[in-house]
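Asker: Given next are the chains, with one letter for each unit.
2 protein chains.
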Amino acid sequence: MTGGNENGAVLIGKKPVMNYVLACITFFHGGAKEVSIKARGRSISRAIDVAEVVRHRFLPDVKIKNIGIGTDKLPQEEGEGDSAINVSTIEITLVRGTMQ
Amino acid sequence: MTGGNENGAVLIGKKPVMNYVLACITFFHGGAKEVSIKARGRSISRAIDVAEVVRHRFLPDVKIKNIGIGTDKLPQEEGEGDSAINVSTIEITLVRGTMQ
Numbered sequence: 028m029t030g031g032n033e034n035g036a037v038l039i040g041k042k043p044v045m046n047y048v049l050a051c052i053t054f055f056h057g058g059a060k061e062v063s064i065k066a067r068g069r070s071i072s073r074a075i076d077v078a079e080v081v082r083h084r085f086l087p088d089v090k091i092k093n094i095g096i097g098t099d100k101l102p103q104e105e106g107e108g109d110s111a112i113n114v115s116t117i118e119i120t121l122v123r124g125t126m127q
Numbered sequence: 028m029t030g031g032n033e034n035g036a037v038l039i040g041k042k043p044v045m046n047y048v049l050a051c052i053t054f055f056h057g058g059a060k061e062v063s064i065k066a067r068g069r070s071i072s073r074a075i076d077v078a079e080v081v082r083h084r085f086l087p088d089v090k091i092k093n094i095g096i097g098t099d100k101l102p103q104e105e106g107e108g109d110s111a112i113n114v115s116t117i118e119i120t121l122v123r124g125t126m127q
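Going down the list, the protein sequences come from chains U and P. First residue of the first sequence: 28, per this note's numbering; consecutive thereafter. First residue of the second sequence: 28, per this note's numbering; consecutive thereafter.
Okay, chain U solo, but in the shape it has when bound (with noise of 0.2 Å):
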């Protein structure tokens, strides 16, 4: 209770959308600048969703600071080869209020 987070980070997987944007918005409320949604392979497109619900229905002064698009190297299970499996990820800072 003493001052609040800088900073969050909200990790998206399968559940719904709004789980998500309620992450968000509860890593604002309690008075982080910035907060980072992070997401990889089919859970990208839910990301983007949470991105857009959370600074249109809900916190119209909230920004898209910056998306990063990046890739994963995930190693594959033995006896199936050395090759890496590859896996896109993204992260959507989304900063609030009053800077430019």
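If you're looking for bench data, these hints aren't it; they were derived computationally from the structure. Do not take every clue at face value.
Claimed, not checked - Calculated lysine-lysine pairs in the DSS-like style (CA-CA distance at most 25 Å, straight line):
(1) Lys-65(U) <-> Lys-90(P)
(2) Lys-92(U) <-> Lys-60(U)
(3) Lys-65(U) <-> Lys-60(P)
(4) Lys-42(P) <-> Lys-65(P)
(5) Lys-100(U) <-> Lys-42(P)
(6) Lys-92(U) <-> Lys-42(P)
(7) Lys-90(U) <-> Lys-42(U)
(8) Lys-41(U) <-> Lys-65(U)
(9) Lys-90(P) <-> Lys-42(U)
(10) Lys-100(P) <-> Lys-42(P)
(11) Lys-92(P) <-> Lys-100(U)
(12) Lys-90(U) <-> Lys-92(P)
(13) Lys-41(U) <-> Lys-60(P)
(14) Lys-41(P) <-> Lys-92(U)
(15) Lys-100(U) <-> Lys-60(P)
(16) Lys-42(U) <-> Lys-41(P)
(17) Lys-100(U) <-> Lys-60(U)
(18) Lys-90(U) <-> Lys-42(P)
(19) Lys-90(P) <-> Lys-92(U)
(20) Lys-100(U) <-> Lys-41(P)
(21) Lys-100(U) <-> Lys-42(U)
(22) Lys-100(P) <-> Lys-41(U)
(23) Lys-92(P) <-> Lys-60(P)
(24) Lys-90(P) <-> Lys-100(U)
(25) Lys-60(P) <-> Lys-42(U)
(26) Lys-90(U) <-> Lys-100(P)
(27) Lys-65(P) <-> Lys-90(P)
(28) Lys-90(P) <-> Lys-41(U)
(29) Lys-65(U) <-> Lys-90(U)
(30) Lys-92(P) <-> Lys-92(U)
(31) Lys-90(P) <-> Lys-90(U)
(32) Lys-41(U) <-> Lys-42(P)
Stated by the list, open to error - Computed, partial: chain U to chain P, Cβ under 7 Å:
(33) Arg-69
(34) Ser-72
(35) Asp-76
(36) Glu-79
(37) Ile-94
(38) Ile-96
(39) Thr-98
(40) Leu-101
Quick caveat: nothing in here was measured; it's all calculated off a predicted structure. By construction, the Cβ of each residue, glycine as well, lies at the ideal position given by its N, Cα and C atoms.
Using the hints, position chain P against chain U.
Answerer: Positioned in the frame of chain U, the structure of chain P alone reads:
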């Protein structure tokens, strides 16, 4: 044959990632300075796969110039009420080479 195209656009659908990767490479080899990869809904994760494969595996001098997200409103069929369906969109702009 009189100079290349300045820009290309690749709309991501349900085909394999490599089809769209080839489309991007073809634009760049034809002289395009920028190629926009556009997707919406569940195709968004494939759009990121395409961008990652193009720049990491085939064209290391290609950089991400910008990533934008948005929402498209799809009109409902008649008789299903007048609420529109919202679908998230992404546009990844790749740029080749020399500029910072």
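Asker: Each of the hints needs a verdict: does it hold here or not?
Answerer: Do the hints match the structure? See the list:
| no. | hint | in the structure |
| --- | --- | --- |
| 1 | Lys-65(U) <-> Lys-90(P) | holds (21 Å) |
| 2 | Lys-92(U) <-> Lys-60(U) | holds (11 Å) |
| 3 | Lys-65(U) <-> Lys-60(P) | violated (30 Å) |
| 4 | Lys-42(P) <-> Lys-65(P) | holds (14 Å) |
| 5 | Lys-100(U) <-> Lys-42(P) | holds (23 Å) |
| 6 | Lys-92(U) <-> Lys-42(P) | violated (32 Å) |
| 7 | Lys-90(U) <-> Lys-42(U) | holds (24 Å) |
| 8 | Lys-41(U) <-> Lys-65(U) | holds (13 Å) |
| 9 | Lys-90(P) <-> Lys-42(U) | violated (33 Å) |
| 10 | Lys-100(P) <-> Lys-42(P) | holds (24 Å) |
| 11 | Lys-92(P) <-> Lys-100(U) | holds (24 Å) |
| 12 | Lys-90(U) <-> Lys-92(P) | holds (19 Å) |
| 13 | Lys-41(U) <-> Lys-60(P) | violated (38 Å) |
| 14 | Lys-41(P) <-> Lys-92(U) | violated (30 Å) |
| 15 | Lys-100(U) <-> Lys-60(P) | violated (29 Å) |
| 16 | Lys-42(U) <-> Lys-41(P) | holds (23 Å) |
| 17 | Lys-100(U) <-> Lys-60(U) | violated (31 Å) |
| 18 | Lys-90(U) <-> Lys-42(P) | violated (33 Å) |
| 19 | Lys-90(P) <-> Lys-92(U) | holds (19 Å) |
| 20 | Lys-100(U) <-> Lys-41(P) | holds (23 Å) |
| 21 | Lys-100(U) <-> Lys-42(U) | holds (24 Å) |
| 22 | Lys-100(P) <-> Lys-41(U) | holds (23 Å) |
| 23 | Lys-92(P) <-> Lys-60(P) | holds (11 Å) |
| 24 | Lys-90(P) <-> Lys-100(U) | holds (20 Å) |
| 25 | Lys-60(P) <-> Lys-42(U) | violated (40 Å) |
| 26 | Lys-90(U) <-> Lys-100(P) | holds (20 Å) |
| 27 | Lys-65(P) <-> Lys-90(P) | holds (16 Å) |
| 28 | Lys-90(P) <-> Lys-41(U) | violated (31 Å) |
| 29 | Lys-65(U) <-> Lys-90(U) | holds (16 Å) |
| 30 | Lys-92(P) <-> Lys-92(U) | holds (15 Å) |
| 31 | Lys-90(P) <-> Lys-90(U) | holds (24 Å) |
| 32 | Lys-41(U) <-> Lys-42(P) | holds (23 Å) |
| 33 | Arg-69 | holds (5 Å) |
| 34 | Ser-72 | holds (4 Å) |
| 35 | Asp-76 | holds (5 Å) |
| 36 | Glu-79 | holds (5 Å) |
| 37 | Ile-94 | holds (4 Å) |
| 38 | Ile-96 | holds (5 Å) |
| 39 | Thr-98 | holds (5 Å) |
| 40 | Leu-101 | violated (14 Å) |
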